[in-house]
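There are 2 protein chains.
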Amino acid sequence: MLTPAEADKLIAQHLPCLPIESLPIAQAAGAVLRENVYAERDQPPFDRVAMDGIALDSSAWRAGVRRLRIQGVQAAGDPPLTLEARDACIEVMTGAMLPHGCDAVVPVEQIETKDGVASIQSDVVEPWQNVHRRGSDSRQGALLLSAGTRLSPPEIAIAASAGMPRIRVSGQPAVVVVSSGNELVEPGEPILPHQVRRSNAYAVVAALRRHGFQRVADDHVPDDAAVIRSRLEFHLHTHDVLILSGGVSMGRFDLIPKVLEELGVRVVFHKIAQRPGKPLWFGVSQGGPAVFALPGNPVSTLVCLARYVVPALFAAMGQKPTPPEKIALADAATVSAPLTTFLPVRLETDDWGRAWAIPCPTNGSGDFTSLAGTHGFVELPPGPNTYPKGFVTRLHRW
Amino acid sequence: MLTPAEADKLIAQHLPCLPIESLPIAQAAGAVLRENVYAERDQPPFDRVAMDGIALDSSAWRAGVRRLRIQGVQAAGDPPLTLEARDACIEVMTGAMLPHGCDAVVPVEQIETKDGVASIQSDVVEPWQNVHRRGSDSRQGALLLSAGTRLSPPEIAIAASAGMPRIRVSGQPAVVVVSSGNELVEPGEPILPHQVRRSNAYAVVAALRRHGFQRVADDHVPDDAAVIRSRLEFHLHTHDVLILSGGVSMGRFDLIPKVLEELGVRVVFHKIAQRPGKPLWFGVSQGGPAVFALPGNPVSTLVCLARYVVPALFAAMGQKPTPPEKIALADAATVSAPLTTFLPVRLETDDWGRAWAIPCPTNGSGDFTSLAGTHGFVELPPGPNTYPKGFVTRLHRW
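In the order they appear, the protein sequences are chains G and P.
Quick note on my numbering: the first sequence kicks off at 1 and runs consecutively.
Quick note on my numbering: the second sequence kicks off at 1 and runs consecutively.
Rather than coming from a laboratory, the hints here were simulated on the basis of the structure.
Hints may be right or wrong, so weigh each one.
With a straight-line Cα cutoff of 30 Å, these simulated DSS-like cross-link-like pairs (lysine-lysine) come out [said to hold, decoys possible]:
{"id": "1", "chain 1": "G", "residue 1": "Lys389", "chain 2": "P", "residue 2": "Lys326"}
{"id": "2", "chain 1": "P", "residue 1": "Lys278", "chain 2": "P", "residue 2": "Lys320"}
{"id": "3", "chain 1": "P", "residue 1": "Lys320", "chain 2": "G", "residue 2": "Lys326"}
{"id": "4", "chain 1": "G", "residue 1": "Lys271", "chain 2": "P", "residue 2": "Lys326"}
{"id": "5", "chain 1": "P", "residue 1": "Lys9", "chain 2": "G", "residue 2": "Lys320"}
{"id": "6", "chain 1": "G", "residue 1": "Lys114", "chain 2": "P", "residue 2": "Lys326"}
{"id": "7", "chain 1": "P", "residue 1": "Lys271", "chain 2": "P", "residue 2": "Lys258"}
{"id": "8", "chain 1": "P", "residue 1": "Lys320", "chain 2": "G", "residue 2": "Lys114"}
{"id": "9", "chain 1": "G", "residue 1": "Lys326", "chain 2": "P", "residue 2": "Lys271"}
{"id": "10", "chain 1": "G", "residue 1": "Lys114", "chain 2": "P", "residue 2": "Lys258"}
{"id": "11", "chain 1": "P", "residue 1": "Lys389", "chain 2": "G", "residue 2": "Lys320"}
{"id": "12", "chain 1": "P", "residue 1": "Lys320", "chain 2": "P", "residue 2": "Lys114"}
{"id": "13", "chain 1": "P", "residue 1": "Lys389", "chain 2": "G", "residue 2": "Lys326"}
{"id": "14", "chain 1": "G", "residue 1": "Lys326", "chain 2": "G", "residue 2": "Lys278"}
{"id": "15", "chain 1": "G", "residue 1": "Lys389", "chain 2": "P", "residue 2": "Lys278"}
{"id": "16", "chain 1": "P", "residue 1": "Lys389", "chain 2": "G", "residue 2": "Lys258"}
{"id": "17", "chain 1": "G", "residue 1": "Lys278", "chain 2": "P", "residue 2": "Lys114"}
{"id": "18", "chain 1": "P", "residue 1": "Lys271", "chain 2": "P", "residue 2": "Lys320"}
{"id": "19", "chain 1": "P", "residue 1": "Lys326", "chain 2": "P", "residue 2": "Lys9"}
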């Protein structure tokens, strides 16, 4: 059976590559950049006033001038004035251009103004004080952001400041979440004792939306080969990624792998040496779509989604690989099976700034009520082994 | 001047309380729960088959029976069959009800089937093996989720499994982001040397969306008191929270605080002893809306948003307070001013699972190109002081 790392490699080799889209900058938050962003101009693009106050020629101050006639006002967004005389000054606002002939700003707290004259109260006025000089942050043409970056708020500000009204990013994958199983009944519908609530699909959709994926549809199929075939055929024609929940273990009614292969979806792997989530199935269609068939119990579903599917979606969008997040166990954990084990955890930070993963074991993989309040899960190497408090391993967040 | 902690208290005292909404469970991801969720039924609601295989009466196995006639098939979602005889068995699927008269499941890998008879290959069959017993996860009526919880994917699964088609959560605040300043020009529009790109509003909107806020509008006002007054009056009537970017420092053209007070917005505080972001202004209107006026330079804008505004929005939605995230500095950092200092950082995890905050100082608070790739900022106590490598303090993520 495959290890999780081998499964990662196979998924990476078979991923579809998502096309590039041009999006308005206001809608690009969380997207993966697919072009480089270069500085439109020097940054700041002019010598910029960094404090409200007066702009002056500092050589006048060095020559002993302490009282300066206020010649005018230079507001942010106005073209620059020109200082008329060395014993004059210009009232300036934060963000304004430094007026021609000036090389320093004295803050409003350090002057007294009376009858159109500003008296300087400060002990020193140095050239370029309180001036954010042109090009001091970056030069025109400098590489500001490179392709593969995920756009967080600072990167959005940077792209806007580079003058880009639209930006080339990866299109979001069109994903459909398909649950299966005659036993599932929608929340709110009458339910018989032998039936269970349809809950996995909601959790999968929620997780995808929390990660910023917006193009997420949702379907349900009964345990009926003809219906499964026709719905899956439709979804394969209309989506980039299918996420199936349930129907991939070894029972007679687990029809989905068979139907998928009949539909031309080639199995890349079925089963990984892990617990929970062993029966994970992954295949690719000739037309391109990738299919993840997740085991049907709720903990397995969420674990496989976070461990394999979400990273695969970001990779398909061209995101640069990010180093795995690691964390130390707050308590010893025992792994009895010779399988990689995923253990749900809650995170806490101690007074020394160290994050700890507090194990929140579930009562079998069908138990998900104990997942409330957990932040994700850690990945423990195959046992039998007991990993002590302080053991460091990979953390995956929901 | 206020400390950041004093500002936190004042904001908390003046927050509007957002109303409760009932949302379809499929749309509640990321929302803050405003009711308790109790178990609809025992969980599992019946003795549930945990493996594909055969169900049998384990007392028959103890009595030496190893070959069992396959009486029928019990699929998930079907009402339970009844075992006809102790030397019979029933084929069962994962998720199915355990048939009446059975108390154990032998997995398909441990049996051989021929001519309608299953031969058991395993060395032991124990009562209740591979059965997830009714009520073993939780009992009907048990408290599963409490009000104030933010709904992550596991909590969505739990609420769906509790049979809730709709769920009572906090309504999202209607937020408007208003930038100001004659110097701002939209990306893509022709720009003159003394003008700058409008970028802050995009970053604020991006940050709000990344935190899951969907009801976010966007406006821009010039430095004109009449226009500012009429736009702000409109926004105060139509939104829960106003976030103003720019226009709150001490200059003559910083009209916004004055106009806000004329419109009946009472100032709660103006200025916090911090860098960057000192001129932060906070007020509340008689009708209820809260107004944050953020300093206009890009780093200050993003810092004040993450440090004060986003936590305030979650508190207004009724989220239970979460303990502050803490982290250790990866390098010494010097704070020269007697002001709380916010230092942008990039996070890295070392091989021992310890996260470190790598300082990414900006070149003055107008420099935001160096924010690319940062994850947030740490909060350093007022100086003058040098904080050594390993110093632990609060982390705020963008």
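Hints and how they fare:
no., hint, verdict
1, Lys389(G) <-> Lys326(P), "20 Å, holds"
2, Lys278(P) <-> Lys320(P), "28 Å, holds"
3, Lys320(P) <-> Lys326(G), "27 Å, holds"
4, Lys271(G) <-> Lys326(P), "39 Å, violated"
5, Lys9(P) <-> Lys320(G), "41 Å, violated"
6, Lys114(G) <-> Lys326(P), "49 Å, violated"
7, Lys271(P) <-> Lys258(P), "15 Å, holds"
8, Lys320(P) <-> Lys114(G), "53 Å, violated"
9, Lys326(G) <-> Lys271(P), "39 Å, violated"
10, Lys114(G) <-> Lys258(P), "23 Å, holds"
11, Lys389(P) <-> Lys320(G), "29 Å, holds"
12, Lys320(P) <-> Lys114(P), "59 Å, violated"
13, Lys389(P) <-> Lys326(G), "20 Å, holds"
14, Lys326(G) <-> Lys278(G), "23 Å, holds"
15, Lys389(G) <-> Lys278(P), "43 Å, violated"
16, Lys389(P) <-> Lys258(G), "58 Å, violated"
17, Lys278(G) <-> Lys114(P), "27 Å, holds"
18, Lys271(P) <-> Lys320(P), "27 Å, holds"
19, Lys326(P) <-> Lys9(P), "20 Å, holds"
Hint compliance for this structure: hints 4, 5, 6, 8, 9, 12, 15 and 16 are not met, and every other hint is.
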